[in-house]
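Peer 1: Residues per chain, in single letters:
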Amino acid sequence: MATFRRFDPSDLDKISKCNLDPLTETYGLDFYLQYYAKWPSMFQVAEDDRGNIIGYIMGKLESSPDYFRNYEHYLPWHAHITALTVAPEARRMGIGRILSEKLEIAADNGDAWFMDLFVRKSNHRAIRFYESMGYSVFRVVKDYYGENVEDPSAGGEDAYDMRKPMKRDVKHEHIRENGRDFEVDPEDVF
Amino acid sequence: MNGYRAHRPSLRDDCGMQIQRAWQDGLWANIINMAKSKAKLNKDPYFEALELAARSQLDTPIDRQAAWQAVDKILNEKAVVKESTTVDLYDWALVSTGMTTEQYPKYIGAMRVNAVKANPKQKEIAKTSFFSCVANSDWEHAQQVLVLHVIAAIMDKSFPGERSFHFRNVITTYIYASSLDDTDVKKSMFRTLAMRQIEKAKTSRQDSGSESLPPRAIATQDDMLLWLNMIIKETKGQDLVECLTDPKYNALHALKDGFETICSTMMDHLMDLGAWDEFFTICKAIFENGVAFWLVEEHEAKEKPKLEAQPKQEKSLEQKAAELMAAMDRLNITTPQDLKKAKLADESIATRTVVKDWKMWENFIIAAGKQPNAKKALKEVEEYFTTITEFGPQHAIYRTQLDMAKLIILFETPVESESDESIASEARINGLVAYVHSHYRDMSCFDNLKRFYGLLSTSEAKVLLERLDTDGSQSEESPFQKIMLLTLRFRLRYYFTTASNCYKPSYTYRGATCGICDSDSVPERCDTCLKDIVKACVWTWKAGLKQGDLQEKLKSEGVSPYTDLTIIGSVCLLKLAGVDGLWARNDNSPLAWADRKRVMQAILWMDAQHHSQAIKRQDLSVLLVKLYVLIGAASHAKSIWDSLEVKNVTLNSLGPLFADRLGTMAPGLWQGHARGDTPTSQYLHYYRSAIEKNIPNSLRLSFDHGSYASILGNLTTRTKHKQSCTLVMALVDHFRGIRSVEGEVMQETWQDRLVQHIKPGMQLHDTTDYGPFPNIEANPDHPIQDFLSIGPGLSEDRAHLSLLSERFLCLIAYKEPKEYKPANAALAKERDRNVVVPACQDTAEWMNTLLNRDDIRDKLTLPEVEYYSLVQALASYIGLSLEAPKGDGRDKLVELIRSQLVNQVSRLMDRRKTVSEADATRADVFHDISALHANGMLRESALATVYMIRYLERTRGSDAKSPVPKWMTEHLKILRTATSTANRRLKEYIEILMTTVNPAGWADRIAEWAFGDLATGTRAVSDDADETFENSDTDMLLYKAIGPKRNFTMTVDLIVHSWADAARGWSKAKIIE
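Listed in order, the protein sequences are those of chains A and B. The UniProt record's numbering puts the first residue of the first sequence at 1, with every later residue one more than the last. The UniProt record's numbering puts the first residue of the second sequence at 1, with every later residue one more than the last.
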């Protein structure tokens, strides 16, 4: 069973179910605490009956710096999913969706135009997951990831920059239908 | 403050390029010269500070002390350093020369406040000074800085940021009050001040209505969380209940504000306080609102409820309209579109979220069960849940949640008469079976149901097992369902085998009868059941290996019942082998008397399953790590551990699962310590960064972003890190490991800033996460990890004992630097004695207190009990022998300590006799190599004794006027003989280990250990075709499944190589005489 709440630093002592999974990266303390300090409502966890953290999502609210305002890739005030993980034993239950929905609520509260995230082009499962939640590809970031999972001989792997409009974007001005046709370089991405 | 303690401060712009460049390059001599001339020329105190900061980086003591003296002078003369950049330089100079956070307030904190006093309107100075104090936990000065600044802000209405400074002031005052001792009169004063300020901020919000809030009113959920955290911390019992149920502001009002976190926190605390009635009343209202909001929301979204598992009965249009009208009436709205209004929209989202949360449901059930008419209340609650589940997204977890809630309600509903009991019992079993049938696919199915197993009677347990057995066996059409149900059944049977309530007392020699199989048994360990479970698991596991289609299906479902079968079967084998953790308390290792055959079978089976997985199951990996450490194969355990990538934040909680006691058993892993390459180096790096950099940075960010709850959370995190048992473990094992390589005591433990603040008696936190272990035992006091470890897990008492021992060693090993030539050597010695004697007495006293605690034997291995008792005796001996109390009692006391020392060393050595007299057939190697930890503690004991002898000889021996007295000479001679014997035996042991582990032929031997005559070929391996479950035996099944496989040979090779590594490491260990 799972209950959902804001992250607390003591949760870091109970994240083994998620972080022993090879697909979940373990960062330094400063990384987690930065989100906890700046965007506490955008760091949500799912906890099981024994107090184990079986899923968490980390997000932030930001825009490109002001001096980029006239730049074509300028990002207005938006929310970003930095990390989303669910423990193997808790997958297929909808925990990832609930965590994402909670982040969307926080993004709406923060008056964001849209929510975005980066995902490997080869991660079809994740792409399907986000598409089913209303996200669409906004652009392709060429060679965003250093290593190519499907082809180790390739220089890098492309990322999809996926977006979902938030309530503020009533006219859906910040998404597009043919996002897969728009390619940008990693340095264009804030 | 970025990297506050790590980075040198930026210099003032007017310093000039030459100084700036020299500062960047660390050319201290150049800076000293240039700063000196600038100071002379400009009469600017900044350059004096710069010169002192540069001098603090030199090696000479006089230069390193210069900044301290200057700061002392400034403070004594009540001079004020106005520029905060100048204070930054002094701050850095003092930190560089060892200033602790405890010393900060007296020196730098005071200077910071003076700088703000001199510039009350300078926002930047106030900010820098404030954050510097915060980073160093100097809350007194941080609070003074803010008060000065807030006053300045009030005086000047145009001052920006008044609101944030106000809330900073509240929380800083509160933290300062909390940091004071209870006896300090200021504590109550500042606490009251902070509470009044925050209450006023809350009242301002309530009084102002919702449109325009006054600047000092609570505005955000984070402001409100600050109020709530302070109230919860400072109010107790019924007062807190009243506060949380205040008709003006309770959880319902929090939801009206859209503050979901506030609501949940308030409700959690009501439950913690046992305020069932209050909880039930408020929760009911929340659910009423929740249903109304969902109804209106779904109507508005024009979404039809689509619950598949619980098809809703079609309602007439009139019914639907009536429900909608009632809902709008409850919410006080006239049209569904009203929900789009900002405040109502927030309330709707928060309420709809809260009523779907599992914890709220669980507590609602508990509270309903406490109502006078529990049956009715539970029924009511179930109806809410069913209704709520029909709304919104139909995630699988909500369906599981509803089924689980119904099951809990079923178990909680009181049975009114005895005659109803059999019906209720049947309903409970049916409920459990129905849940299993709906959720057998979930990996968490067994864990979710665990809360109910203990509530079943033995006969109910048997019925449940039979039902699952029948269902599992009959699922021929679905091999997937069959394997999942059978695995669940085996896990369940194991659970009942470990449950005390499944045993009846009997008059047989074993003392009990197993309620499941009716055999005579030892309570909580029925051998018949364990053997049955192993056989059934091996049979099912072996059969499954051949089913390719099923493997594909399991992969697509993301489950691995074969890993579960392996774990249950192997754990049964270990229990049958006699591995239960109890021997660790009475002998050198939990494997001291274990059946080698069963242990090896368990390891080889687990390893075979581990290798067969493309994606490793982490619980299996962790179990293997523990087992390999247990059998002395530390280097192989390390390679599996490394694959788990435990690093950074997970070190604090998961590190002990591998690294605990490693410093005593695997000297080989510390051979690279000169390069900083030890299993514990990364821990020390992590704690240094966390405590000195990451947490202070996060505190600053929390203040900057108004995340007040995060400020309190950061402070708790800092305390937990500074007082972490894992930190102590890492440091102690680090130095023990290095000592095993170098043979010398290092000084660092005593001086290390990481543990300097830990005083005996201080609360320490064990944050070990045992989550990765399978949760299949019935007795929570005897989990799997307890019997798969060398000894008991981390504890506060063990951490203190280990730290006291390390400090004792540093104390007696301390030598003045060679350059130190005291004018009066005798006086210097006298001074040294005046420090050492009381410190030793203090150490002995604390260790004595800890060692005499009733439960201390549950927290230490036997070798640790002996080692700490020995160190305690050594510390007492120094105190007594150097203080030389007069009278007859002295000799008696000294003799007592001497005999205790000799006895402890002798007891440690006695166990080695079996090794030295071994026939070198390697038969005993399995048990001997699994006792490396005891070996390490013996080495440490001998080393401590040698150091004490050296200290006493050094202290008394070189003083011509006061030579070593005759009685002491005799004592030291006896102790030296004892340590020489211990060391000699240790060397003999290592030699035997080296000669027995290294030769070839081990692969066959290990196979023989595990499978006996099957491995040697004396017994024929049966044909699969003739095999039935009834005519097969476990050894044969296991051997056929894993024996002939390539992985088997590889695993055996790895074990043997790892043992050879261990022996090699020990052969290089330095043993001092």
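Please note that the accuracy of each hint is not assured.
[Claimed, not checked] Computed footprint of chain B on chain A; a stretch qualifies when at least three of its residues, placed anywhere within it, have a C-beta under 8 angstroms from a C-beta of chain B:
hint, stretch
1, 5 to 15
2, 25 to 34
3, 47 to 55
4, 64 to 72
5, 131 to 143
Just so you know, the hints here were simulated from the structure itself, not pulled from any lab data. Built from N, CA and C at the ideal position, the CB exists for glycine as well.
Peer 1: Hints broken by the structure, by number, lowest first?
Peer 2: 4 and 5
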